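Novice: Mapping the sequence shown onto our numbering, position 80 (from 1) lands on 235, and the numbers just tick up by one.
By construction, these hints were calculated from the structure, which means they are not laboratory data. Being a predicted model, the structure only gives us computed values, none of them experimental. Heads up, a few of these hints could be off.
Each computed DMTMM-like pair below joins lysine to aspartate or glutamate, with the alpha-carbon atoms no more than 20 angstroms apart [unchecked claim]:
{"hint": "1", "residue 1": "Lys399", "residue 2": "Glu455"}
{"hint": "2", "residue 1": "Lys183", "residue 2": "Asp291"}
{"hint": "3", "residue 1": "Lys285", "residue 2": "Glu360"}
{"hint": "4", "residue 1": "Lys181", "residue 2": "Asp170"}
{"hint": "5", "residue 1": "Lys173", "residue 2": "Glu163"}
{"hint": "6", "residue 1": "Lys222", "residue 2": "Glu268"}
{"hint": "7", "residue 1": "Lys410", "residue 2": "Asp434"}
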Amino acid sequence: MKFCKKYEEYMQGQDEKKLPGVGFKKLKKILKKCRRDIESHNHLDNISNCPHSCPVCDGTFFPSLLKEMSAVVGCFNERAQKLLELHLASGFRKYFIWFKDKLQGNHVALIQEGRDLVTYAMINAIAMRKILKKYDKIHYSKQGQAFKSQAQSMRIEILQSPWLCELMAFHINLRESKSKTRKAHPLFEGCSLVFNDGTPSLSCELFDSVNLDINLTCSICLDTVFDPVSLTCGHIFCYMCACKAASVTIVDGLKAADPKEKCPLCRDAGVYHGAVHLDELNILLSRSCPEYWEERLRTERVERIRQAKEHWEFQCRMFVGV
């Protein structure tokens, strides 16, 4: 079955959930019309390549794809956040979430919801990749790949979503925490936490030959990320290291960072305010390397107390006017 038909059938099956998707069939029609226009243009002007400026694609194709990609990523992030919030909630708060959102409160239901989310993310990621590849094939260009890079810089590349990383950790945590969940269908095939020469990474084999490897070494302290946080650019750091890079204290938090502060890796600005705490990944790493975790916990507790003490001493001096 061709991917276009497979994708259309999948999205039709999601009609009840009203999930946004890539207008794959519509975008293919735009490219088909563009191909006819290009062939006609080339025949008349006796040239072999399409013009650098393509009114059809510049005015319709890319704006449509940009809008659809934004909607897909926004929907995925929102649903994944809600699912993981339910999994991590405890006591009355968990029952309140179940009642409010009418969700089933059992591990099998959580795994199924996570599996549906992963499928939704992957099939849309593949749709985006294929339609951009088709664009470059028709136009004999690399504008499709350039658009993909643009999407990454705009935070609308779904494989960069921190919630995908969290779902991977969520899957491993559920798989290892309760024996009954091992009987359920996994979210991912071949998803695991891997240590190569002491360097940790989340590795996952996704369908259609898509592999995802997420490095879990903090590029600031050069150690396994502790209390990990993902900046909006997708790079993962220890929370304390991220605060240091953003020139803020732990007491103030990353939301207090100046918008001009940049990511230490990609140098993008304004990446701290929307940072995501990776709680599922934090649980996974604490279980996988307990000795290292205990040592980091002790050293960071000392630093946190020191910063908190300095903060409140400063606040007291300000209050009394010293």
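Novice: State for each hint whether it applies.
Specialist: How the hints compare with the structure:
Among the hinted pairs, Lys399 with Glu455 is consistent with the structure: their alpha-carbon atoms are about 13 angstroms apart, no more than 20 angstroms. For the suggested pair Lys183 and Asp291, the alpha carbons sit about 13 angstroms apart, so the restraint of at most 20 angstroms is met. A C-alpha spacing of about 18 angstroms is found between Lys285 and Glu360, which places the hinted pair at or below 20 angstroms, so the restraint holds. Note on Lys181 and Asp170: the hinted pairing holds, with a Cα-Cα distance of about 17 angstroms set against a maximum of 20 angstroms.
For the hint linking Lys173 to Glu163, the alpha-carbon distance of about 14 angstroms falls within 20 angstroms, and the restraint holds. The straight-line distance between the Cα atoms of Lys222 and Glu268 is roughly 25 angstroms, outside the 20 angstroms bound, and the hint therefore fails. Of the pairs offered as hints, the one joining Lys410 and Asp434 holds, with about 17 angstroms between alpha carbons and a cut-off of 20 angstroms not exceeded.
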